[in-house]
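Protein sequence lines correspond, in order, to chains A and B. Oh and the first sequence: position 93 is 256 in the working numbering, straight run, nothing missing. Oh and the second sequence: position 192 is 203 in the working numbering, straight run, nothing missing.
Hints listed in this document are in silico derivations from the structure and should not be mistaken for laboratory results. Incorrect hints may have been included.
Subject to a maximum C-alpha distance of 27 angstroms in a straight line, what follows is the list of computed DSSO-like cross-link-like pairs (lysine-lysine) [stated by the list, open to error]:
#	chain 1	residue 1	chain 2	residue 2
1	A	Lys207	A	Lys189
2	A	Lys209	A	Lys189
3	B	Lys59	A	Lys180
4	A	Lys180	B	Lys212
5	B	Lys147	A	Lys304
6	B	Lys59	B	Lys48
7	B	Lys212	A	Lys304
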Amino acid sequence: MLKDTPIACHECDLILKLPLMTRDTKAACPRCGFVFTRYFVQAKSKLLAFSLSALIFFALSFYFPFLNFSAQGSVKSVTLLQSLMSLGSDTYLILVVFMLITTVIVPLLMLIGMIYVLISTYTQINLPQVKPILRGIFHLKPWNMTEIFLLGILVSMVKIQSLAQVQFGFSFYAFTLYVVSMALTRLYLDRYQCWNWIKDKQKVSLVAHG
Amino acid sequence: MVDFYPHTATSQQKKVCSMCFRVNSLETNYCYHCDSKVLVAHKRALQKTLAWLTTSIILYIPANFYPIMNTLYLGDRTESTIFGGVLTLWSHGSYPIAIIIFVASVMVPVVKIMALATLCYFAMDSKRVDYGNHHKILRMTELVGRWSMVDIYVVTVLVALIQMGNIMTINPGEASIAFAAMVVTTMIAAMSFDPKLIWQKIDSQSNGDPSVK
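With these hints in hand, go ahead and build the complete structure from the sequences.
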């Protein structure tokens with residue numbers, strides 16, 4: 164069983180038709196090994212679930228103390244926003260802007276866009292600008308660096324171990340869960356499948372218009 | 012399992028959309044399915060890759076020789092470069108972290124730049140055909156390349172957290188901007204490279220038969 168639409172390999176240009184995918188399989192180019200798609204059962208619901216939970220955890224990670232320090236007798240707790248703001252006054256403003264873009268703005272835009280597209284595909288309603296938004300999501304995907312930021316936090320914790328005693332606050336755990344949900348959202352975000360949902364939607368609207 | 016069309020998109024006078032993989036006719040500018048701009052693989056695009064790649068090679072020098080972090084501890088100012096930071100971590104016994112930083116910020120950028128340069132060379136030189144696995148190296152480095160940014164995040168997090176009045180302050184060094192810019196430019200260079208340029212030459216040598224590698 165093959166899908167009707169011929170596609171071509173993004174890397175080696177070979178024209179192919181992908182078979183209908185079954186549970187836990189992936190489709191790779193027979194010539195260069197480029198992976199077109201991985202099939203996950205109920206990818207749509209999983210995407211919606213994880214992008215919603217990522218949004219919630221992200222909101223939570225701003226309200227509570229992120230880290231509690233104790234050094235030389237003084238105890239200090241910082242929230243995520245405070246630590247970002249304290250960077251903003253620095254001369255290295257461009258680093259702060261870069262950090263904000265890759266860990267806050269891009270993920271937020273991706274999540275909101277994803278939820279918008281999913282609502283449109285779920286309800287079969289033609290919401291405006293779904294195609295440009297889906298394109299935007301895939302263009303933004305490589306610039307989403309939340310998981311790298313988490314690794315950066317962990318490494319810097321190890322580095323200051325000798326200077327101060329650090330305890331993770333509630334926000335840190337919320338942020339970790341946000342990173343995990345974001346990573347899972349990225350995992351289920353599949354070009355081939357997402358664009359096939361758009362096609363399904365058009366088919367339905369064609370039938371509806373006679 | 013997979014049914015072959017015996018030809019490539021180019022040999023069929025078609026072009027492939029890089030966004031949704033649909034096959035478009037040569038005359039169309041925008042993909043019929045996803046409306047994104049569809050471009051044909053052309054040697055001219057290599058200029059863009061080479062420009063970004065050259066920028067990142069130039070940026071690699073200040074990124075490694077200038078300090079990435081300045082620490083002011085009780086009036087003592089210490090500057091540490093990326094490699095110096097790795098050595099310090101190693102001497103303090105935090106081997107896993109030292110290895111992570113070494114791989115992410117020293118090894119990965121070099122491997123990525125070298126792989127891209129090799130691919131550009133094979134795509135440019137009309138005589139040599141690459142039957143090797145360079146595209147696999149590129150694909151791998153594209154996945155791993157983003158993790159180079161971890162060093163920048165470590166510095167910014169440390170700067171944000173450690174502001175203990177006069178006792179200790181940490182400031183980002185000159186290399187931090189150069190390093191961040193280097194990672195960004197290598198990412199753009201890798202994205203702008205079209206592997207089809209290499210496969211087109213393999214196709215033209217094997218007369219378009221995709222079963223011949």
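Do the hints match the structure? See the list:
no.	hint	verdict
1	A:Lys207 x A:Lys189	17 angstroms, holds
2	A:Lys209 x A:Lys189	17 angstroms, holds
3	B:Lys59 x A:Lys180	32 angstroms, violated
4	A:Lys180 x B:Lys212	23 angstroms, holds
5	B:Lys147 x A:Lys304	20 angstroms, holds
6	B:Lys59 x B:Lys48	17 angstroms, holds
7	B:Lys212 x A:Lys304	30 angstroms, violated
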